[in-house]
Amino acid sequence: MSPTPMKLLTVVAEAALERRLTADLAALGARGWTIVEAHGHGRHGDADGDMLGGGNIRMEVVAPPAVVDAVVTHLRDVYFEHWGMIVFTHDVDVVRSEKFKG
Amino acid sequence: MLSLAAENLLSPMTLAFVLGLVAALVRSDLKLPAEVQAALSLYLLLAIGLKGGVALSEADPSAVVLPVLATLVLGVTQPAWSYAILRRLGRFSRVDAAALAAHYGSVSAVTFIAAIAFLTAAGVPHEGFMPALVALLEVPAILVAMWLGRRGSTPPRDAEGGGGLWHELLAGKVTMALVGGLVIGLLTGKSGMAQVEPFFVDPFKGVLALFLLELGRMAGSRLRDLRSAGVFLILFGTVMPVAHAAVGIGLGYMAGLSAGGAYLFGVLAASASYIAAPAAVRMALPEANPGYYVTASLAITFPFNLTVGLPLYLMMAEALYT
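Each protein sequence line maps, in turn, to chains A and B. All the letters of the first sequence, read from the start, carry residue numbers 1 to 102 under my numbering. All the letters of the second sequence, read from the start, carry residue numbers 1001 to 1322 under my numbering.
Worth flagging that the hints you see were computed from the coordinates, not collected in a lab. A few of these clues could be false.
Just so you have them, the derived chain A footprint on chain B, three or more residues with Cβ under 8 Å [as the list claims (entries may be wrong)]:
(1) 1047 to 1061
(2) 1282 to 1292
Derived DEER-like restraints, expressed as beta-carbon distance ranges [unchecked claim]:
(3) A/K101 - B/F1199: 38 to 44 Å
(4) B/R1027 - A/S97: 26 to 32 Å
(5) A/H41 - B/S1093: 53 to 59 Å
(6) B/K1173 - A/T22: 16 to 22 Å
(7) B/R1224 - A/D77: 43 to 49 Å
(8) A/D77 - B/P1033: 34 to 40 Å
(9) A/P65 - B/L1235: 51 to 57 Å
(10) A/K99 - B/S1228: 22 to 28 Å
(11) A/P3 - B/G1206: 52 to 58 Å
(12) A/H39 - B/V1026: 17 to 23 Å
(13) A/P5 - B/R1157: 52 to 58 Å
(14) A/K101 - B/R1088: 33 to 39 Å
Source: prediction; values computed, not measured. In this text, a Cβ means the ideal position worked out from N, Cα and C, and glycines have one as well.
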């Protein structure tokens, strides 16, 4: 079982977007993701979650490069203008690569 | 009457709110976890829904018809004139005016809950079915305001309309908990209430105090946004509730409510939503500035209503009824 190159996509976004982002990921071919609630500080000020949904989520997705590219393009086109969102990718080697392919 | 105002200011609930404000201003680490706060709001909404449902199960249907109609009238007219004022006098953009109008047309369940506590302390009776009207007023105003904001323009790609918006409005936690409580109360009546009374009735004011503490902290942490909100928004956030209360009390009077009922109806009209409306507006009008609508409803109008509004509106209602 040799490691296979894949991309890891990390998205830090407003928690209010969770339902829509997961729907977008599924539609664009991602097979799975992990979400944690997050708080921190950035250009939008402090994001310390309260019940108004002021908090953030951090989503991590491992997928083939083509899927990650499609997701990044989609996020940029749809959400960047009006939403607090940080997106970055890393090259990763995964074991059990069959988990990530469509 | 002044003693009533002082009693309101010095109630444990109001003082807990002030404590939260102070904690935020001195940057204390005093803070309830978001999950606890969400559980407290679920408790308050379910408790008030249950009580309203039980009252509804015993109410004469003919006494409810006119207040229901009056509620729908409020739900359509309040966002409309709020929008017009914000556009013409406040010079807000269409989406910002619509976002604010949604908040001022919709209702704050917690302001209403605090008003019931205040009314009970003052010994004024009221119709028990009033919480049903809270549930009814919540959604229409948000829809009217969104229609005003989007009329004749193409929404941006990140705006959620249709199914997602309806889901947010009807399956959101405020509506679900309040309507759910109403239905449970309606179905189980007094004997059902007796089973849960030690949990949902007796600790109610204590839970409200704890909830207001955290709300005070949230309002306090947004106080520094007041400067960017501007003088107009501060005026709007304090004058509009009084005008809406006057309209609400008048409508309640015409709908045949008692003085206590008309007072609560005035509070419904005066309050601005800060749970249901912000969530729906963020989804459907993402280009609107939350610095305006969250600051106005949470940091200006809510504290105003809690401290000055609640006793003032009771004076207004009693003046009309005597």
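Here's how the hints hold up against the structure:
no.	hint	in the structure
1	1047 to 1061	violated (count 0)
2	1282 to 1292	holds (count 4)
3	A/K101 - B/F1199: 38 to 44 Å	violated (51 Å)
4	B/R1027 - A/S97: 26 to 32 Å	violated (48 Å)
5	A/H41 - B/S1093: 53 to 59 Å	violated (28 Å)
6	B/K1173 - A/T22: 16 to 22 Å	holds (19 Å)
7	B/R1224 - A/D77: 43 to 49 Å	violated (33 Å)
8	A/D77 - B/P1033: 34 to 40 Å	holds (36 Å)
9	A/P65 - B/L1235: 51 to 57 Å	holds (55 Å)
10	A/K99 - B/S1228: 22 to 28 Å	violated (47 Å)
11	A/P3 - B/G1206: 52 to 58 Å	holds (57 Å)
12	A/H39 - B/V1026: 17 to 23 Å	holds (20 Å)
13	A/P5 - B/R1157: 52 to 58 Å	violated (32 Å)
14	A/K101 - B/R1088: 33 to 39 Å	violated (58 Å)
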